[in-house]
Amino acid sequence: MKTADLFQETYTALSANKVRSGLTMLGIVIGIASVIAMISIGQGAQSSIQASIQSIGSNLIEVLPGQQKAAGTAVSSGRGTAKSLTADDAKTIQSGVTNVTAVTSEVSGRYQITASTLNTNTTVDGVSESYPAVRNMQIDQGTFFTDEQSAQLAKVAVLGPTVATDLFTDPATAVGQKIRINGQPFTVIGVTVTKGGNGFGSQDDMVFVPLMTAQRLLTGNQYLSTIDIQASSADVMTQVQNDVTALLLTQHEIKDPANADFSVINQADILATASSITGTFTILLAAIGGISLLVGGIGIMNMMLTTVTERTREIGLRKAIGATRADINNQFLTEAICLTLIGGIVGITLGWGIAFGVNASGLVKTSVSLSSVLIAFGVSAAIGVIFGYYPARRAARLNPIDALRYE
Amino acid sequence: MIELTNIRKTYGSGDTAFEALKGVSFTIEDGEFVAIMGPSGSGKSTLMNLLGCLDTPTAGTYHLDGKDVSTLSDDELALIRRTKIGFVFQSFNLLPRTSVMRNVSLPLVYAGISEEERGKHARAALIAAGLDEQHFNHRSNQLSGGQIQRVAIARALVNEPSLILADEPTGNLDTKTGNIVLETFQRLNRELGRTIILITHEPDVAEHADRILSIRDGNLVSDDKSHIKRAAAQTI
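Sequence order for the protein chains is L and F. Going by the numbering used here, the first residue of the first sequence is number 21, and it counts up by one from there. Going by the numbering used here, the first residue of the second sequence is number 25, and it counts up by one from there.
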């Protein structure tokens, strides 16, 4: 039997009972569509979380102070509180570690901030002038402070957009206004571009002042709360992390790494953790879609078995006029595969549509990957083969005499 | 040529074994028109299944055109049926909702013949079976009983088989239409030289053939050509 004839027979058989073929196909359509849509939502969530982490800055390594333990007591005041990092550490890292693009130091604290009529309480970061480059920050209005302003301990501040809104009735006029941070007068010289929440506190609700100004006027000491290091590429992150750790251990004269008074956090680690969470989430969603696909497959098998019983006489006739077992087997298998493939194509289109709709609704940014489409296509063909095999075999093995007499 | 030697067919085994054919032997030459007659339960259906290569005998040999087909496998029998045998069934067994042309060319589809060739053969077979050309592209459910049986005959003819087997071909037709169908068989036998075996339980249907084999209780009880003489005597 020729392939073209096989497809003509399949077309005739499937179009003979359009409603039933359509409903059976619907099972596969829903299954494939839900797999595509669910995976796209999962992957969309994954990439939006990743983008959010990347927005902090790319290839970032953070050095945080360790726990402070007062001599002679077991009382620990918690990680990040120790006064162990200094501007010298930052300088040493800048000069002593290879593959480092930029280093920026930070001191941070919460202070009451007042403008002429409004006031707020938020995080004030004393940062070095390389901060915007390292942390991927852009200025909306005005400017960021310069080297000179930093060196001169200028009392200037750059506001996050949330703070600008909190302090000024018209945030557009913020630049040039005077504010007081912890009682000290500062001049607003810039407002940053909105970044959105990033899962670790909003970067928009912050005030930036020159590092040394913050040390002198706000914290009153020379210690740092964070050193941010930007590596030159994602590939050298581990090397930079290891080198920074080794360098700081030597610098702080600590022999046992377990006693380190600082910790080095790699952005890649945070990304990996987030990815593994969203990955699990995607698998969960795909599994739900997979179950509906399985149910659809059983629907195909059910219909094919009914068809074989219904068409017993026809099968008997086909055998009587010379169809071999393989001919009959191929015919029924092709019917099942066609059902699932057509269902698969419609399902992919529908799934794509759902993903597009979810995207347009703004709930989650979805992305349909080529691999999920290919997998869905392969799975639907495989379902045709798996669930079509048994009915087709049953048809092929019918005895022509019994089949012809079947009422 | 068909040669049956001591054919036996037993169904079941042990105590419940039933012997449907108890050693049947006969020969049918090419171009003969033979009727196999017997009441129901006589074994004529079993004999037809064996002659049509739908089944194999328990014992004995069956030579079709010199080839022993009594020991072939399922798929080998299918190939024999495809090339050497055409069936006409009591219940027609056309594919529903399928055109006349497609129904007739179905045996050629399984033989892997091209669509163009199939069309030519199907047309010739339909003309030989006596169906008007206006019905060729109708669907099988748009035809009358007599027309349907002509389509079925055309389907049996289309692969130019050595043997056409007709199982109670007039069983579902009224007498007038039945006679037309029987005359069609006679004409095919006379004009195209086709070997035709007609299975029936009705003597007046059997008498349209040139030779009548009577089966009773699994045995061949008579092999008779006398009715032709009788018919000839009547016309004189």
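Don't read these hints as lab results, they were simulated from the structure. Hints are not guaranteed to be accurate.
[What the hints assert, rightly or not] Chain F is faced by these chain L residues, among others (derived, beta-carbon under 7 Å):
hint: 1; residue: Met-21
hint: 2; residue: Thr-23
hint: 3; residue: Ala-153
hint: 4; residue: Leu-337
hint: 5; residue: Asp-347
hint: 6; residue: Lys-385
hint: 7; residue: Pro-420
hint: 8; residue: Ala-423
[Stated by the list, open to error] Derived CB-CB ranges, DEER-like:
hint: 9; chain 1: L; residue 1: Ala-401; chain 2: F; residue 2: Lys-144; range: 35 to 43 Å
hint: 10; chain 1: L; residue 1: Ser-391; chain 2: F; residue 2: Tyr-35; range: 34 to 42 Å
hint: 11; chain 1: L; residue 1: Asp-422; chain 2: F; residue 2: Phe-50; range: 54 to 62 Å
hint: 12; chain 1: F; residue 1: Asn-161; chain 2: L; residue 2: Glu-330; range: 23 to 31 Å
hint: 13; chain 1: F; residue 1: Thr-85; chain 2: L; residue 2: Ala-36; range: 56 to 64 Å
hint: 14; chain 1: L; residue 1: Tyr-410; chain 2: F; residue 2: Gly-169; range: 18 to 26 Å
hint: 15; chain 1: L; residue 1: Arg-417; chain 2: F; residue 2: Thr-107; range: 16 to 24 Å
hint: 16; chain 1: L; residue 1: Tyr-410; chain 2: F; residue 2: Asp-89; range: 32 to 40 Å
hint: 17; chain 1: L; residue 1: Tyr-410; chain 2: F; residue 2: Thr-85; range: 32 to 40 Å
Ideal Cβ positions, reconstructed from N, Cα and C, are used throughout, including at glycine.
Hint check:
Taken as an interface hint, Met-21 (chain L) checks out: its beta carbon lies about 6 Å from the nearest beta carbon of chain F, inside 7 Å. Here the hint on Thr-23 (chain L) is broken, as its CB sits about 10 Å from the closest CB of chain F, past 7 Å. Look at Ala-153 (chain L): its Cβ only gets to about 72 Å from chain F, farther than 7 Å, so that hint breaks. Look at Leu-337 (chain L): its Cβ gets to within about 4 Å of chain F, closer than 7 Å, so that hint holds up.
With a least beta-carbon distance of about 6 Å to chain F, the hint placing Asp-347 (chain L) at the interface is held under the 7 Å criterion. Given the 7 Å rule on beta carbons, the hint for Lys-385 (chain L) is violated: about 49 Å separates it from the nearest Cβ of chain F. The interface hint given for Pro-420 (chain L) holds, since its Cβ lies 5 Å from the closest Cβ of chain F, which is under the 7 Å cut-off. With a least beta-carbon distance of about 10 Å to chain F, the hint placing Ala-423 (chain L) at the interface is violated under the 7 Å criterion.
Ala-401 (chain L) and Lys-144 (chain F) have their C-beta atoms about 37 Å apart, which keeps the hinted 35 to 43 Å range intact. In this structure the hint that Ser-391 (chain L) and Tyr-35 (chain F) lie 34 to 42 Å apart at CB is violated, the actual value being about 57 Å. A hinted range of 54 to 62 Å is violated for the C-beta pair Asp-422 (chain L) and Phe-50 (chain F), which are about 26 Å apart. Remark: the range hint 23 to 31 Å for Asn-161 (chain F) to Glu-330 (chain L) is upheld by a beta-carbon distance near 26 Å.
The given range of 56 to 64 Å is broken by Thr-85 (chain F) and Ala-36 (chain L), whose C-beta atoms sit roughly 42 Å from each other. The given range of 18 to 26 Å is broken by Tyr-410 (chain L) and Gly-169 (chain F), whose C-beta atoms sit roughly 38 Å from each other. Roughly 23 Å separates the CB atoms of Arg-417 (chain L) and Thr-107 (chain F), a value that falls within the hinted 16 to 24 Å. The hinted range of 32 to 40 Å is satisfied by Tyr-410 (chain L) and Asp-89 (chain F), whose Cβ atoms lie roughly 38 Å apart.
Evaluation of the 32 to 40 Å hint for Tyr-410 (chain L) and Thr-85 (chain F) yields a pass: the beta carbon distance comes to about 37 Å.
Going through the hint list in order, the structure does not satisfy hints 2, 3, 6, 8, 10, 11, 13 and 14.
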